[in-house]
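Engineer: One letter stands for each residue in the lines below.
Protein chains: 2
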Amino acid sequence: MSTDSAAQSGEERLIARYFAPLAKHPGALGLTDDAAAITPPAGCDLVLKTDGIVGGVHFFPDDPPDMVAKKALRVNLSDLAAKGATPLGFLLTLALPEEVGDAWLAPFARGLGADAQAFGCPLLGGDTDRTGGPITISIAVIGAVPQGRMVRRAGAQAGDRVVVTGTIGDAALGLRLRRDASAAKRWGLTPEQRNQLEARYLVPEPRTAIAEILRAHASAAMDVSDGLAGDFGKLCRASTVAAEIAVARVPLSDGARAALAEEPALIETILTGGDDYEVVACVPAGKVEILRRQASAAGVAVTEIGAVTAGKGTARFLDPDGQPLAFRQASFSHF
Amino acid sequence: MSTDSAAQSGEERLIARYFAPLAKHPGALGLTDDAAAITPPAGCDLVLKTDGIVGGVHFFPDDPPDMVAKKALRVNLSDLAAKGATPLGFLLTLALPEEVGDAWLAPFARGLGADAQAFGCPLLGGDTDRTGGPITISIAVIGAVPQGRMVRRAGAQAGDRVVVTGTIGDAALGLRLRRDASAAKRWGLTPEQRNQLEARYLVPEPRTAIAEILRAHASAAMDVSDGLAGDFGKLCRASTVAAEIAVARVPLSDGARAALAEEPALIETILTGGDDYEVVACVPAGKVEILRRQASAAGVAVTEIGAVTAGKGTARFLDPDGQPLAFRQASFSHF
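Just so you know, the protein sequences line up as chains A and B, in that order.
Read in my numbering, the first sequence has 66 at position 66, and its numbers run on one by one without any break.
Each position in the second sequence, counted from 1, maps to that position plus 1000 in my numbering.
The set of hints was computed from the structure by calculation and includes no laboratory data.
Mixed in with the good hints there might be a few duds.
Claimed, not checked - DSBU-like cross-link-like pairs, simulated, lysine-lysine; straight-line CA separation at most 30 Å:
1. K312/A x K1024/B
2. K312/A x K287/A
3. K1287/B x K1312/B
4. K24/A x K1312/B
To be verified - Just so you have them, the derived chain B footprint on chain A, three or more residues with Cβ under 8 Å:
5. 46-58
6. 81-87
Glycine included, each C-beta is placed from N, C-alpha and C at the ideal position.
Let's have the full structure, built from the sequences with the hints guiding it.
Structural biologist: Take a look at the structure:
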């Protein structure tokens, strides 16, 4: 019983304990108000993105909570990076089943705080609810670009080269390994290769380090979240161009290369499987080398994999004989 | 089988069919890019808020989908209004169980579009996922206020009057009616009174019409989403003030008044039950009348219910004999 309304609610205690320490932006008001107030940087456009992850769909219920938190934020940071945007902050909506308590929340908040710090993207506000379903985390990120300078999907031109960051297909193979423990042996993976592929599924690496470089040189870009084949197809449709990708040039990790050597049909998983969180970009031919050099200096490998041609929104993935690969489904889709 | 990546995914079709028509802001790029790009209004701060609603927690699984959509957006618009902010747009994350298809999505999108239009708050971007749990809708809204002018929780001063919009407790009673069909008879409600209380739970009425009036006159404000007693307690704590509320002056609808006459203990449900989505504000004594007049001209009733005093973050709710009411739990909390 309380004779006044001075007592903090459970939700207030939870926010004060776990989330207020992450709300370092003064505009977040320490999460003690209903909303955040931030002054946008002068001369900038805001870049806005939201992405949710759901237990049992985007992560395994027993994944470490700090890794789940990092994934939830990073899938959004990946989009900002591909758009050439600098993070300003994020909003968090968290729906938790009854059985999720401090033992999960403490490491979740720790992981989220570490990434908020590492990527310069403070928590600005949030909402916590109960759910009768799985843990559901929705994040909305806000970034900034100089006015009119967001890197679009729609800017690709015939003659541009197609480049990707990092390596493709690792996360999709990592997910296969999580679901089928026998695959590691069948694919002849070393323990290191297996760990590396599984880690790529667990926590993506947003290419925040090259956001500004993409803005300077790319004519179009997007992050690869639903598979390179399908996502790059979306870019081609948005730009009303065609493209030819040399499958042999798509950069693969050692683990992916080893698995593919044992099971050549995995090329479809690699190219369409999703969760890469790399950037695919179209770059004028004369700018590929400077983009590659600057990205490399920022710690991000960039590989040229094909070229944009005149055409109608199609991307063909060609094998070493120049024959287009046929995919059962070019892009991961929940629907 | 597709030999190129020209085929739209199911998710692309869903977005194009139901959500792209709601994305009327040019910065939303017709939802064909990874992110939205908007130029913030000159001289403004951004006001940012996110709130989620979960099937079986915040709404009934069989509620009409257009009403669910409106509730999801309006609980966020309610916060913007209380903060004195004008809506700029919103981001939507939708997690849907397998069995939810077009029959639900079509009216959901129709309701969302109607409110986006009515409140001048266009869809800027979103994400759709599958979930093994209930329908989960998370919305992040972006609003604007002149720089430094967001109405805070922390601005209340001793001597301010306390006012609320509309009527309090209807939604909490409406929820009771949804859960207990016999209550309508017990409380002696007319069919109209019953419908009105249930409608107030189903779809809140954000006080967007008085956002600018609050900004002009209120020293502190918040929306009442978790019960007047608990929420106003939060405002008092944020402002480091005390307050006395005259329970007899708290504005009630005819239905709430009828129910309370039959069952006086309902006063606790009315004052602590949540889902009101009215605004409670603290206003200098000399400004109450002009705020009341301007709000009335904008179609929103404002009632004075108490006064702020010097003290330490407590709000007392006094009965007609001047005795403070004791609540089991001042504020709704999921945790």
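Engineer: Taking the hints in turn, state whether each one holds.
Structural biologist: Outcome of the hint check:
no. : hint              : in the structure
1   : K312/A x K1024/B  : holds (26 Å)
2   : K312/A x K287/A   : holds (24 Å)
3   : K1287/B x K1312/B : holds (24 Å)
4   : K24/A x K1312/B   : holds (26 Å)
5   : 46-58             : holds (count 13)
6   : 81-87             : holds (count 3)
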